[in-house]
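Protein sequence lines, in the order shown, are assigned to chains A and B.
Position in the first sequence (first residue = 1) + 59 = my numbering.
Position in the second sequence (first residue = 1) + 59 = my numbering.
Don't take each hint at face value.
Since the list gives no way to pick one copy over another, a pair counts as held whenever it fits inside one copy or between any two copies.
Below, in silico cross-link-like pairs of lysine-lysine (DSBU-like), each with a Cα-Cα straight-line distance of 35 Å or less [to be verified]: (1) Lys-121 - Lys-208; (2) Lys-317 - Lys-121; (3) Lys-208 - Lys-317; (4) Lys-338 - Lys-208; (5) Lys-270 - Lys-338; (6) Lys-338 - Lys-121; (7) Lys-317 - Lys-270.
Derived from the structure by calculation, the hints contain no laboratory data.
There are 2 protein chains.
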Amino acid sequence: MTPNRMTPDVLVNGQPTTSLPIDDRGFRYGDGVFETIHVCAGAPEFWHAHLQRLRLGAERLKLAWPEERRLTAEAQQLLAGSVDGVLRIWLTRGPGGAGYRPVAGQMPTRILRFSPSPAAPLSDVATRGVSLRVCQTRLGQNPALAGIKHLNRLEQVLAANEWDAPDIEGLMLDPSGNLIEGTKTNVFFIREGNLITPDLTQAGVAGIVRKIVLEEAAHTDIPVAIRPIRLAEALAADECFLTNSLIHLWPVRDLDGKAFAIGPKSGEFSRRIAARALKSRGF
Amino acid sequence: MTPNRMTPDVLVNGQPTTSLPIDDRGFRYGDGVFETIHVCAGAPEFWHAHLQRLRLGAERLKLAWPEERRLTAEAQQLLAGSVDGVLRIWLTRGPGGAGYRPVAGQMPTRILRFSPSPAAPLSDVATRGVSLRVCQTRLGQNPALAGIKHLNRLEQVLAANEWDAPDIEGLMLDPSGNLIEGTKTNVFFIREGNLITPDLTQAGVAGIVRKIVLEEAAHTDIPVAIRPIRLAEALAADECFLTNSLIHLWPVRDLDGKAFAIGPKSGEFSRRIAARALKSRGF
């Protein structure tokens with residue numbers, strides 16, 4: 060708890076607490092979905108887009124959907140008096156069921172948590188760029204789980220454990236060698252004036268800022284392609300950048316020894332994302 | 060808690076409790092492994108084999124390994140005065156880390172739970188057999204996670220949610236159409252006198268009773284093959300059976316409309332498993 064706030068940091072089904080019952084299926088099986096939301100000056104960015112993806116994830120997992128105004132009210136309670144930080148929302152299937160088989164119609168467990176931002180989180184990375192490296196850990200393919208932000212994240216944990224430098228992001232491939240995403244970011248390439256990003260119908264998380272980039276690209280004269288990408292094609296790109304809800308956009312300075320230009324397109328998308336984020340602030 | 064026992068039902072790092080901190084990585088990412096152990100007359104079956112697999116899973120995930128005598132002492136405390144039931148052991152990476160990236164060398168969280176058995180759980184299935192049906196949900200391939208019993212179980216949850224009859228087990232395939240396992244069981248086929256079971260190096264959980272079956276087969280004149288199996292080959296089998304630590308062995312009476320013989324081999328392995336389980340009881 061931050062010392063100057065009187066609000067709780069975690070709400071589970073509306074109650075201040077810091078723990079979860081052992082029999083919650085979120086713990087037992089990773090049976091749930093979550094969102095990681097950037098909070099600026101006490102206001103969430105892209106709130107409606109996050110809720111929409113949470114709902115899509117719930118539908119895919121056949122989780123019941125809680126009242127949205129309740130989720131909103133709980134988020135508002137948690138952010139009251141806050142400044143900058145991260146709001147996380149988890150929705151799990153709750154306790155019960157016969158082993159893996161869930162109980163039909165059960166209301167999910169809602170968990171909301173606010174964490175104040177760490178001071179000066181890698182601010183120069185946004186201008187200097189990060190190094191991207193290919194992870195050995197692969198992302199298994201499963202169309203039923205692709206695109207949503209579910210709680211089965213062991214592949215990302217193993218991949219993130221492959222290196223320990225803060226300015227390196229791991230690039231994850233599927234078992235056939237198609238590029239999918241960074242361990243915590245989506246990836247974009249600029250090649251001959253085209254914006255190219257991996258198809259995520261078999262693996263990967265379809266990020267909120269990825270969606271914003273694709274929407275913004277439609278307002279420019281940059282042709283967009285969402286399709287399978289091989290490493291060889293990626294290495295022939297002119298620019299490369301990464302996105303997620305907390306960092307917005309990081310340019311990539313190199314991948315496997317191949318150097319990319321930093322800008323101009325990454326700069327343009329960075330400005331567009333920042334403008335959209337500012338406009339989206341609030342509930 | 061069962062009314063006639065004075066012992067707790069759950070121990071988390073040795074302390075009686077029923078909840079887990081929200082920031083435990085077992086919940087946040089499914090960052091951990093578990094075991095489901097059959098308890099008969101207060102004694103665990105295949106204790107050493109379960110500990111061995113738990114340890115293999117911990118090594119694969121690069122979890123630190125707790126003192127085995129501590130795990131054993133906690134299990135003994137939990138089973139004191141118990142009769143029949145299920146002992147579950149979870150080992151998670153605990154709290155902390157920078158997002159997906161774990162903190163090096165952190166001691167894992169130990170969670171042990173005892174649940175008394177439900178009365179008469181499907182006792183006739185062991186003689187009548189179950190129906191096996193092919194699930195639409197596929198098992199993604201990942202050699203880094205294959206074989207171990209980790210906490211990322213959404214694929215099993217979705218598969219188990221495809222039907223709702225207690226005498227049907229779902230058969231899961233990988234994305235290329237290779238048979239891997241049941242949603243909660245391993246699968247074996249008998250064809251022309253050979254015992255065949257899927258290769259689990261790309262997906263699936265290598266069950267304790269599966270290991271026992273393979274060990275016992277070596278004491279018979281039945282040739283064993285562990286390799287990829289397609290549905291067409293499975294449908295041409297003479298017998299089929301399923302195994303796990305709680306049911307030991309269930310014969311399969313049919314798969315997608317094709318009927319299998321119940322016995323004689325399933326009966327022989329059933330007797331051999333029961334004898335090994337009895338011999339293994341205790342710590």
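The hints, checked one at a time:
no.: 1; hint: Lys-121 - Lys-208; verdict: both (14 Å within a copy, 24 Å between copies)
no.: 2; hint: Lys-317 - Lys-121; verdict: between (43 Å within a copy, 31 Å between copies)
no.: 3; hint: Lys-208 - Lys-317; verdict: within (31 Å within a copy, 39 Å between copies)
no.: 4; hint: Lys-338 - Lys-208; verdict: within (24 Å within a copy, 45 Å between copies)
no.: 5; hint: Lys-270 - Lys-338; verdict: within (15 Å within a copy, 58 Å between copies)
no.: 6; hint: Lys-338 - Lys-121; verdict: within (32 Å within a copy, 43 Å between copies)
no.: 7; hint: Lys-317 - Lys-270; verdict: within (27 Å within a copy, 47 Å between copies)
Hint compliance for this structure: no hint is broken.
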